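A.B. asks: The lines below spell out each chain.
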Amino acid sequence: MGKTFAEKILGQKTGKSVVPGEIVEVKPDIAMSHDNTAAIAKTFKEIGVSRLDDPGRHVIVLDHCVPAANEKFAQNHKEIRAFVKEQSITNFYDIDRGICHQVLPEEGFALPGYLMVGSDSHSTTYGAFGALATGIGRSEMAVIFATGKIWLRVPETMKIVVTGQLRPGISAKDVMLKIIGDLSADGGLYKSVWFTGPVIAAMSVSSRMVLTNMAVEFGAKNGYMEPDDKTLAFLQGRARAAFTPVTSDPDAEFESVYELDVSDLEPLVACPHSVDNVKPVAAVKGTHIDQVFFGSCTNARIEDFEIVAGVLKGKKVHPSCRMIVIPASQQIFLEALAKGYIAILAQAGATIVNSGCGPCMGNHEGILAPGERVLSTSNRNFKGRFGCKESEIYLGSPLTAAASALTGAISDFREIL
Amino acid sequence: MAKIIGRIWKYGDDVNTDVIFPGKYTYTVTDPQEMAKIAMEDLDAAFAREVRPNDIIVAGKNFGCGSSREQAAFCLKYAGVGAVIARSFSRLYFRNCINAGLPALTLPESPEIFAAGETIEIDLGAGTIACPSGLYQFPPLPEAVIGIFNDGGLVPHTRKILGIDR
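Keeping their order, the protein sequence lines are chains A and B. Just so you know, the first sequence maps onto residues 1 to 417 in our numbering. Just so you know, the second sequence maps onto residues 1 to 166 in our numbering.
Among the clues, some could well be false.
[What the hints assert, rightly or not] Computed list of lysine-lysine pairs in DSS-like fashion (alpha-carbon distance at most 27 Å, straight line):
no., chain 1, residue 1, chain 2, residue 2
1, A, Lys45, A, Lys27
2, A, Lys383, B, Lys160
3, B, Lys160, A, Lys27
[Stated by the list, open to error] Chain A stretches covered by chain B per the calculated footprint, using a threshold of three residues with CB under 8 Å from any CB of chain B:
no., region
4, 42-50
5, 142-149
6, 352-366
7, 384-396
[Claimed, not checked] Cβ-Cβ distance ranges computed for the label pairs, FRET-style:
no., chain 1, residue 1, chain 2, residue 2, range
8, A, Gly237, B, Thr128, 53 to 61 Å
9, B, Pro139, A, Leu334, 47 to 55 Å
10, A, Gln75, B, Ala48, 23 to 31 Å
11, B, Pro108, A, Gly169, 22 to 30 Å
12, A, Lys78, B, Thr106, 37 to 45 Å
13, B, Glu112, A, Thr247, 22 to 30 Å
Simulated from the structure, these hints should not be mistaken for lab results. All values derive from a computational prediction rather than experimental measurement. Even for Gly, the Cβ is constructed at its ideal location relative to N, Cα and C.
For reference, chain B alone in the conformation it holds in the complex (with noise of 0.2 Å):
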């Protein structure tokens, strides 16, 4: 699997949907590269605009709660994220992240060991976080969803399985 380099986006508990994307554009603003123009709009002005590919969010508790919204988990891909760091994650936001193909990664020491804009480096495979402050480790993804992740999401997984992507 493959390996994630980029800069990190520090933020702290509790990230809602609604902040990362607000509930007035859910039925308005449909096309990719829109959505990905206004990620985060409510929480960090900065960040659609200097989001680069590979760009990795790093968070505390209950990452993406509230709504069940699952821009909030397309926008941050579309956006170019490389993956979503937190101590944990909403329920719904977590099912988004592997139905969209995004990593979301579960790391209790999240994110106290991240300082913003610095490089770190995932390793999807082998379940390691490269910083600058050590080398952590992340549960693998249970293994009855591991296919939809590996498939790039739930709509090419289903695809799949239906067999009409051969």
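This is chain A alone, in the form it adopts within the complex (with noise of 0.2 Å):
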């Protein structure tokens, strides 16, 4: 019987064959840490090791909280900077770059055929350019700076073929909060993920990470989609070595295949207080909302930023809304602006912050006050997740957060473009 894509590498990496269940230890190729690396350092310290198993391995990026918002903050990202000195370690990003899941594919870390860990819960991004790639916690990022190594179980997996066609204006961030939706957010747990069909083929590969970013939103422990060409071109002149795509085998086993078919697919938003609650946006229009959020790792790159400043060109925010705009990294800062789009948005009256994360685990440039509402690209809508336990999150696509920054109120863009 013929291996899956998790079951490859997971036995390549520990040199013999594996079986879902199975637990194995394994040494990861890229192993990601963010503002977290202070406590991670300090961990490392309590085990007793000075120096790194393998600096060349790690990737450390500065975007929690950037530019500090306050004194511990501030002597968070300082205890980083002498870690990172103090340890050699090359691979590293400070406030000025962006996002880490962002920054890690435009720097060519996310590699077809690799393994890949992160000290955070959405690095199942990388799983969109052929990676396995799952989040892990902060001990178990400071035992890989000692020694190289993790244990990881070996998932069974579950198979997502996504066909038809999508109606204008439909995106992958639709195509996502309907798998979450239907499958719950516990739908995929302990699942390695291979997001396969027609419509995944025919998405960017922005789009694709969209759908790879929120995987851990329905409980999976990784999501992927084989490289193709598109994934290619993007790692040309950017992949930091030689890699070798791995795919399942033609006669691999799955737990399970869910086939949708998106050829009906509306506008969607996940309403408070859980990613699986999803309705079409024709349920809620109307809920006035005091803020759009467009940013995070799920939705904030240039293809995002083409369809929301195509839409505020020329006009306003509605008066009783406010709306920040935070870019996935620095790169695509500076592509918006060379573009126009951040004239545009600006002009159109939306406060642009610097490359980060912005608002989107409750630190700063947006924190909701008790009662308020928020429409969101991000992928998270957790009570208190933007600062506030008394305020609501609403995610959706860049297109549905333009048009309701347009109207104050969730809004159909199908109705008011």
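Relying on the hints, combine the two individually framed chains into one complex.
C.D. replies: The following block contains the structure:
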């Protein structure tokens, strides 16, 4: 019987044939940490090892609160910079670079066939490039600092086949919200999820990243796509190393197969306070919003800017609504500047913020007050996620966000554009 | 292995990391006692105030979904929680509990068989939970990770493996 993608990569790393359920000890190719590196460094020192096992495998990106919002965050960044210097870590990106899940692909660290871990749940994003990528805890990263190794359970695989033809304006975000809504917040628990089918093949690399980014939102260990010409074109001139794509054997065994025809898909939103509380925009349209957040590692790439700027060009954000715009990386910021998107959004009344995670986990740059409501292009709408437990978060696509910014209420773009 | 005798705190499905340990504190609250004081802040304001040593959290499916933040496991440990029992755990939360040395027990009957406030007894060695509604068996931890748990968590376990603690 053939092997799945996950069984092959974990098998290669252990030098033997592995089966789902087995627990293996492996050395990841890349290990990512961000602003939590100071805490990880502290645990690393508690372990009692003085030098990193292999500094070249580590990538550190400051993004969760950049620039530092207060003295505590500043101290945190200071400790990380000192640790980076002390350990001679060369793959370090300071506050001027962007969100880790965008920066690693841009810098050519996310490669087909790689085993990647990150001390952040959305590390699943790198699966869009054919890597087996998953989130781990801080202590586990400290142990990788010390030994290079981690234990992983070999996952069962769920195959998700997306077919049909998306209607104009319906995006990867709507597809992913549909999947999470259908399968629920634990529908992919512990699973390796393979996204495939003609709709995935037709998607840009950026759109594929939306799906793998949110794979953790239905419990998956990892989400991935098989690399194709688009993947290879993206990696051209970026890839940090030679790589060999890994794909599932034709006769590999999948635990489950979920087929989704998206031809009739409507714009969707995830309603408070869980990502699987998914409804058609039509069911909640007219709901007043105080803020639109266009940003995050999910949906703030250049294709998203093109859509949002296209809607807001020559128009104004509704006076009862604020709009916060945060590009996913500095490269995207610069490209959006060059293409005029930043000017369009600023002229429309949006507040443009430097690249980083922003308000997405409640740190700064757009925190809500009690009773306020945001429509966000990000990935998580848990209570308190925007820093205030008495606020409400709706998640939607960049197009839904742009349409809603114009009206100050959750809006169906098909009715107002 | 030890027996854990404690009172029940009962919750539902999909209790996420953000309500257990809010994101806004992840870089600002690091002291164990301070972490214990904000445990479950956005889910149950009474919890941190009234929790007693060895109290036990029971919940439905997908407990600890969301972030990788291990403070969501450690803050419960620091608050004195003896164990968490759930119908299922998020993958990251389950790992973080093992790494924190906090028992995370999967029980298909949770949380319906438990009543808030009642006292139950967990026998980690025997793999049993004795509560007013009956005696239940939970599956043992995987063989490959039981050593981490028995050593008190991932950091002490790693020190032992590396020969730093002899």
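A.B. asks: What hints, given by number in increasing order, does this structure fail?
C.D. replies: 2, 11, 13
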